[in-house]
Every structure is written in structure tokens, then in C-alpha cells.
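Undergrad: Sequence:
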Amino acid sequence: MDLRALLDVQRLDTAMDQARHARANLPEVAVQESAAGKLATLRARIGDLLREQGTLESELAGIEKRDAEIGTHLARLEKQLKSVIAPREAEALQHEMKNLMIEREAADERGLAMLDASSAADAALGETRAAGAEAARELAAAEATLRDAEKEADRVIAELSVARADLIASIDASDLATYERLRANHAGVAIAEIKHGVCGGCHMDISASELDAIKRLPADQFAECPNCTRLLLR
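Going left to right, the sequence shown walks through residues -4 to 229 as my numbering numbers them.
Wrong hints could be hidden among the right ones.
[Claimed, not checked] Here are the simulated DMTMM-like cross-link-like pairs (lysine to aspartate or glutamate), alpha carbons at most 20 Å apart as the crow flies:
id, residue 1, residue 2
1, Lys77, Glu59
2, Lys93, Asp43
3, Lys210, Glu188
4, Lys93, Glu122
5, Lys190, Asp207
6, Lys210, Asp200
7, Lys33, Glu122
8, Lys93, Asp103
9, Lys33, Asp43
10, Lys33, Asp103
11, Lys210, Asp(-3)
12, Lys60, Asp103
13, Lys60, Glu104
14, Lys146, Glu23
15, Lys93, Glu104
16, Lys146, Glu28
17, Lys74, Glu91
18, Lys190, Asp62
19, Lys190, Glu175
20, Lys60, Glu98
21, Lys33, Glu129
22, Lys93, Glu54
23, Lys33, Glu133
24, Lys74, Asp62
Since the hints were derived computationally from the structure, they do not count as laboratory data.
Input sequences plus hints: build the corresponding full structure.
TA: Okay, here's the thing in C-alpha cells:
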């Protein structure tokens, strides 16, 4: 078993794991999501303002219609008043006219308030639309930046994959299978180096007698950590 070749494979696998993790957690994703959220909020606000404008326009149209009806009614009452002789009938007509004029005055005040509100909604709509256009540009830029980052991440992963394929081509299939099994069982580290009497995988001390036994193993026999069973590079 060529442990040094397998160690090179492990280094590539570790690099690929890191590259895939980075690909899945690109900071550009957060920027793109923030820009998309901002644009969605502005578009929702534009919808609210348009509905508000519609409500105001409808109410203003109703006020104008009622004002015209009151004007027609008042004209008719004034005409009747000129021909009325009985005091009580004249008093009733005048009372009705007074009520209509009070209603018209209140409607006029309400209409002015509606006009002010409509003007404010128009201004807010213009500002929000401008902000929405800017947010759309920001989102487009964020999406383009994200696509570039994803392409670069994919390129790195692809290069590592090619390098790995080239490397494992010369490794015995059974040795590679052993490596894959150990790597899956030991958090991605199947092969470790001994440094200062410590396993580089589990970071546990290896006793002097165990180290001596490892050194005495035949060259064609691989050693295992007595603590974690990872393959040890001598």
C-alpha cells in the first residue's frame, strides 16, 4: 500500500471538501439575498401605494359625484322656494338647503384632504419607484457577482477533481477502497503522520513500545494507530 500516494489523495479530498463548503457558503449569496429582499420590499410598497391611490381616486370621484348631485338638488330647491307661499313649506325647503350646504362643505373639506393625501402618495410612489429601480440594478449586479463567484468555485472544484482522477489512476483499487472506508469513518482523515510520538489524526500519544513495534513492521505492511486505527505514515 502506497501511503504517500494515498496521503496526496487525502490532501486533494480535503481541499475538495473545503472548496465545496466554500461553494455552498459564498458570501455573495448573502449579498444577493439581501438585494432581492430589498427589491421585494420596495415592490410591495409600490403595490400598497398604488392601491392607496386607487382608493383615494375612487373616493374623490364619489365626492365629485355627490357634489354635482347636491348642486342639482339645491338648484331645484331654490327654484321651488321662489314659488312657495306657505311659510312652513318655505322653512322646510330652507332647512333642507341648509343641510345640503353643510354636507357639501364637509365633502369639500374631505375632498381637500383627499387631494393632499393623493399628492403625498404620488410623491411617495415616485420616490419608491426610483428606489426600486436602483434596487433592481443592485440585484442585477449582485446576481452577476454571484454567478462569477460560483463559476470560479466550480472551476476550482473541477481542477481538483481532475487532479484526483489522475492521481488515483495508479493506485490499487483495494487500497483505495480501504482508504475511502477509513476516511468515511474518521471525519475525512484516513491517513495520519506520526509527529513527536503523537498520531496526527487523533492527537493521542503512541507509547514507546508501540512506536518501536510500528518501526519493526515490514516495509510492505502498513501500520495503524493503536488508538484510532487510522493508517500511519512512517
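Undergrad: Does the structure keep Lys190 and Asp62 at a Cα separation of 20 Å or less?
TA: violated, 95 Å
Undergrad: Is Lys60 close enough to Glu98, meaning Cα to Cα at most 20 Å?
TA: Holds, because 13 Å separates the two Cα atoms, which is no more than 20 Å.
Undergrad: Is Lys93 close enough to Asp43, meaning Cα to Cα at most 20 Å?
TA: violated, 39 Å
Undergrad: Please work out if Lys146 and Glu28 have their alpha carbons no farther apart than 20 Å.
TA: holds, 18 Å
Undergrad: Lys60 and Asp103 were given as a pair; does the straight-line alpha-carbon distance stay at or below 20 Å?
TA: Distance of about 12 Å is within 20 Å: holds.
Undergrad: Between the alpha carbons of Lys33 and Glu133, is the straight-line distance 20 Å or under?
TA: holds, 10 Å
Undergrad: Is Lys190 within 20 Å of Asp207, Cα to Cα?
TA: Distance of about 14 Å is within 20 Å: holds.
Undergrad: Are the Cα atoms of Lys210 and Glu188 separated by 20 Å or less?
TA: holds, 13 Å
Undergrad: Starting from Lys93, check that the Cα of Glu54 is at most 20 Å away, please.
TA: Judged against 20 Å, a Cα distance of about 24 Å means the pair is violated.
Undergrad: Need the status of pair Lys93, Asp103: alpha-carbon distance at most 20 Å?
TA: Distance ~15 Å between Lys93 and Asp103 Cα, so the pair holds.
Undergrad: Within 20 Å, alpha carbon to alpha carbon, are Lys210 and Asp200?
TA: Distance of about 16 Å is within 20 Å: holds.
Undergrad: Given the hint that Lys146 pairs with Glu23, does the C-alpha gap stay at or below 20 Å?
TA: holds, 12 Å
Of the numbered hints given earlier, the model fails hints 1, 2, 4, 10, 18, 19 and 22; all others are met.
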